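Q: If you read the protein sequences in the order shown, they are chains R and Z. Residue numbering for the first sequence follows the numbering used here, starting at 1 and increasing by one per position. Residue numbering for the second sequence follows the numbering used here, starting at 1 and increasing by one per position.
Source of the hints: derived by calculation from the structure; they are not laboratory data. If you're wondering where the values come from, they're calculated on a predicted model, not measured in any experiment. Take these hints with a grain of salt, some might be off.
[Said to hold, decoys possible] Quick list of in silico lysine-lysine cross-link-like pairs, DSS-like style, CA-CA up to 27 Å:
1) R:263 x R:210
2) R:355 x Z:172
3) R:234 x R:174
4) R:130 x Z:172
5) R:108 x Z:172
6) R:210 x R:236
7) R:151 x R:174
8) R:151 x Z:172
9) R:327 x R:409
10) R:355 x R:130
11) R:375 x R:66
12) R:210 x R:239
[Unchecked claim] Which chain Z residues face chain R? A few, computed with CB under 7 Å, are given here:
13) 157
14) 163
15) 249
16) 252
No residue lacks a Cβ here, since even glycine has one placed at the ideal position from N, Cα and C.
Given next are the chains, with one letter for each unit.
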Amino acid sequence: MKILSAITACLSGSVLLFSGAAFSADEAKQINGCEALTLGAAISLTGKYATNGIHAKNGYEFAISKISEAGGINIGDKCYNFDVIYYDDESKGDRGATLAERLINQDKVQYMLGPYSSGLTKAIAPVTEKYQIPMVEAEGASRSLFNKGYKYLFAVLSTSEQYLASAVALAAEKAEEAGKDASSVKIAVAVENDPFSLDIRAGVLEDAKKFGMKAVIDEKLPRDLSDMSAILTKVKLLKPDLLIVSGHSKGAATAVRQIGEMKINVPMIALTHCEAADVTGKFGDTANDILCSTQWAESLSYEDALFGTASNYEQEFKATFSDYDGKKVPYQSAQATAAVYVFKDAFERAGTTDKEAVREALTATDLQTFYGPIKFSEAGNNIAKPMVLRQIQDGEYNVVAPSAFASHKVNWPREAQ
Amino acid sequence: MTALKVILYIVLLAFTVAAPFLFPDFRTQLATLWLMIVVSLTWDMTGGQMGYNSLGNIFFYGTGMYVAAVISIGLVYDVAEYTSAAGGGMNDFTPVQYFTGVGLGMLGAGIFCALCALILGYILFGLRGPYFAIGTLGVAIAAGELVSNWEWVGGGQGITLPVYPADLDEGKLFFYFLFAGTGVILFIFLRWLYGTRFGAAINAIRDDEEKAEAMGIHTMRYKLVTWSMAGFFVGIVGAISAFQLISFEPLESAYQTINLGIFMVVCVLLGGKGTLWGPVIGAIVFHVFKEVTWNYLLGWQWVALGALIVVTVVYFQDGIMGWLAHRKPEWFGVRVEKNDATEGADR
Numbered sequence: 001m002k003i004l005s006a007i008t009a010c011l012s013g014s015v016l017l018f019s020g021a022a023f024s025a026d027e028a029k030q031i032n033g034c035e036a037l038t039l040g041a042a043i044s045l046t047g048k049y050a051t052n053g054i055h056a057k058n059g060y061e062f063a064i065s066k067i068s069e070a071g072g073i074n075i076g077d078k079c080y081n082f083d084v085i086y087y088d089d090e091s092k093g094d095r096g097a098t099l100a101e102r103l104i105n106q107d108k109v110q111y112m113l114g115p116y117s118s119g120l121t122k123a124i125a126p127v128t129e130k131y132q133i134p135m136v137e138a139e140g141a142s143r144s145l146f147n148k149g150y151k152y153l154f155a156v157l158s159t160s161e162q163y164l165a166s167a168v169a170l171a172a173e174k175a176e177e178a179g180k181d182a183s184s185v186k187i188a189v190a191v192e193n194d195p196f197s198l199d200i201r202a203g204v205l206e207d208a209k210k211f212g213m214k215a216v217i218d219e220k221l222p223r224d225l226s227d228m229s230a231i232l233t234k235v236k237l238l239k240p241d242l243l244i245v246s247g248h249s250k251g252a253a254t255a256v257r258q259i260g261e262m263k264i265n266v267p268m269i270a271l272t273h274c275e276a277a278d279v280t281g282k283f284g285d286t287a288n289d290i291l292c293s294t295q296w297a298e299s300l301s302y303e304d305a306l307f308g309t310a311s312n313y314e315q316e317f318k319a320t321f322s323d324y325d326g327k328k329v330p331y332q333s334a335q336a337t338a339a340v341y342v343f344k345d346a347f348e349r350a351g352t353t354d355k356e357a358v359r360e361a362l363t364a365t366d367l368q369t370f371y372g373p374i375k376f377s378e379a380g381n382n383i384a385k386p387m388v389l390r391q392i393q394d395g396e397y398n399v400v401a402p403s404a405f406a407s408h409k410v411n412w413p414r415e416a417q
Numbered sequence: 001m002t003a004l005k006v007i008l009y010i011v012l013l014a015f016t017v018a019a020p021f022l023f024p025d026f027r028t029q030l031a032t033l034w035l036m037i038v039v040s041l042t043w044d045m046t047g048g049q050m051g052y053n054s055l056g057n058i059f060f061y062g063t064g065m066y067v068a069a070v071i072s073i074g075l076v077y078d079v080a081e082y083t084s085a086a087g088g089g090m091n092d093f094t095p096v097q098y099f100t101g102v103g104l105g106m107l108g109a110g111i112f113c114a115l116c117a118l119i120l121g122y123i124l125f126g127l128r129g130p131y132f133a134i135g136t137l138g139v140a141i142a143a144g145e146l147v148s149n150w151e152w153v154g155g156g157q158g159i160t161l162p163v164y165p166a167d168l169d170e171g172k173l174f175f176y177f178l179f180a181g182t183g184v185i186l187f188i189f190l191r192w193l194y195g196t197r198f199g200a201a202i203n204a205i206r207d208d209e210e211k212a213e214a215m216g217i218h219t220m221r222y223k224l225v226t227w228s229m230a231g232f233f234v235g236i237v238g239a240i241s242a243f244q245l246i247s248f249e250p251l252e253s254a255y256q257t258i259n260l261g262i263f264m265v266v267c268v269l270l271g272g273k274g275t276l277w278g279p280v281i282g283a284i285v286f287h288v289f290k291e292v293t294w295n296y297l298l299g300w301q302w303v304a305l306g307a308l309i310v311v312t313v314v315y316f317q318d319g320i321m322g323w324l325a326h327r328k329p330e331w332f333g334v335r336v337e338k339n340d341a342t343e344g345a346d347r
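Using the sequences and the hints, build the whole thing.
A: Right under this line is the structure:
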């Protein structure tokens, strides 16, 4: 009898939930005096990509509130404001794909913002492509996303092979300065086993091949990214000239921590995701002289009408989200903001909310933003914006390459801290 | 079979065919439901009918996905180039190439997985009870790790297959009927199989393996054949999943030991081990429960799922079918007589 009543309770509960969902179906929701324009996003709020998932979500939210403050999106003679339906993809690809289906089929979303990481983007892009839903993504950089012939995928960031290309070039330059041949440089590569980091590795190995350099270590980080001491022991023995580690935020934090603990002394160390992992805040001096690739830096001279200059963006962002006090605003947030901005621009140029017209407008994007210029290739990746390489010098991130943007000279060789 | 049963089966079959048209918004979920039914039924072949609880059947699912993907890509392009991290830039598949890939991929996946089961079974069936469960789990985990480091098939980044070449809704129906067709064939096959001497033999292995062997049953052969039949069907649904998911990676979608690998066991326990209908009912209840909680209790879905498992284990140890058989034995053709209680006939 008890069981029966429990089952009845459960059933009536779910009926209530069902009917609640049915009634909330949109009655042209209003936000800040303008009609709501709904975007969907599956994003990693839990799981191994949670740190960066939250950085990206904050970036989206910041852009949406700034756009709303500035009077919304003007399409024809009506004004709109973005409203985002978020779901947690648990950092899992199949979950991301299911949620994308749900956003499109059940929530009737017509436009999508990207998830975090190339892996999740790879899982979701076939779904948005299948339903012909334009997706502007800001966090999937692997080249393997842009050769599938996708027509509804647009990425505001630079592709992964560019992340550490200047680090390899810098290592060659330093070798030549020291009177050695560039081909004498020994490289150690340790990457996470995911689409983004594997493409970082592919890019580095291609560049190394151009200089005739040898990869003495070519390893994958363990799945949970929490221990790379076995690889670092190998580094101690084989003494490479350049150590490259890529494993999103968790990989970067593990690398810096263990490089410090094991007193690894490599003349040049290059990582991805330093700012997102807040390596200077967490590990202090240990992080010094490490090279970090970045999509965007607040010290660059980009600007636009809505967000102002890059440094203005950083200040306002910090004022909005107190979590970033005393830290760098990671580029993951900046590019997420840029993705929303790209949508606003495309909607206004299209002059309609028809998704095909918006897709057309997206392909014609040619936008100067605080994040850098944005212009899409036929494949959907941004070909207008370069990557920059920063070095952590006394706890500060200073741009050291490419030379057109460099504000500081690179410290070389790096001493064990 | 009584006339009532024939009518029941016809109604169910008609419903299977009509379901995607009755609920067009839920075609993907219905397709996944059939996937759950197939993996539960196949798990029960060894787990319920033969007494060998495998935690590694997900190995066949993942392997099926990869075999099918490699076959369908390999027919048209060089696999290593297609899956390279830098991206091969090859994505053109004509409809003919696509459907040939799906057909051959499914067949190849089924056969390859059946062979894998024979080879692995030969090694693993020496183990009993929890050792067999852990051994098979180990195989599935190891296979996932191996594949995720095998660059030829894309390593940790997985494989992205081409999108269904024709109309979207048609694609959903296509995958629904592939899954449902496999499920119906499997059900009919098992219904027949469990009534044969073969079925009696594997039940004997479950009940007492030593005695079965003493009776002259070549237990190893029966175990291998049973597992390879299970592997064949799981491989096929793995292949279908690969084409349905389009993009998959080794650890979380293909060799997903903690999701589907465990769900199939939970479905069978929920529905009732060692019965024909138990896995089907368990899969339906589990899948509906999962979809409802994932949709309406987002954030609490894992808690709800855990609660379901606890309730099953505590209150329904024999599953829904077992509970029903206990309460309503007459439904199962058991006649309880005053003095001489007979054993269940259809269990």
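Q: Is the Cα-Cα distance between residue 263 of chain R and residue 210 of chain R 27 Å or less?
A: violated, 31 Å
Q: Straight-line Cα separation of residue 130 of chain R and residue 172 of chain Z no greater than 27 Å?
A: Answer holds: residue 130 of chain R to residue 172 of chain Z is near 11 Å, not above 27 Å.
Q: Verify the proposed pairing of residue 375 of chain R with residue 66 of chain R, using a straight-line Cα cut of 27 Å.
A: holds, 22 Å
Q: Residue 327 of chain R and residue 409 of chain R were given as a pair; does the straight-line alpha-carbon distance stay at or below 27 Å?
A: holds, 23 Å
Q: Given residue 249 of chain Z as an interface hint, is the shortest Cβ-Cβ distance to chain R below 7 Å?
A: holds, 6 Å
Q: Min Cβ distance, residue 157 of chain Z to chain R: is it shorter than 7 Å?
A: holds, 4 Å
Q: Hinted pair, alpha-carbon criterion (27 Å max): residue 151 of chain R, residue 172 of chain Z. Please report holds or violated.
A: Holds, at about 21 Å.
Q: Need the status of pair residue 210 of chain R, residue 239 of chain R: alpha-carbon distance at most 27 Å?
A: holds, 21 Å
Q: Run the distance test for residue 355 of chain R versus residue 172 of chain Z: straight-line Cα separation, threshold 27 Å.
A: Within the cut-off at roughly 22 Å; holds.
Q: Under 7 Å, Cβ to Cβ, is where residue 252 of chain Z needs to be relative to chain R, so tell me if that hint holds or is violated.
A: holds, 5 Å
Q: Under the criterion that the straight-line Cα-Cα distance not exceed 27 Å, is the pair residue 151 of chain R, residue 174 of chain R satisfied?
A: Not OK: residue 151 of chain R and residue 174 of chain R at ~42 Å, beyond 27 Å, violated.
Q: Does the closest beta carbon of chain R sit nearer than 7 Å to the beta carbon of residue 163 of chain Z?
A: holds, 6 Å
Going down the numbered hints, you'll see the structure goes against 1, 7, while the others check out.
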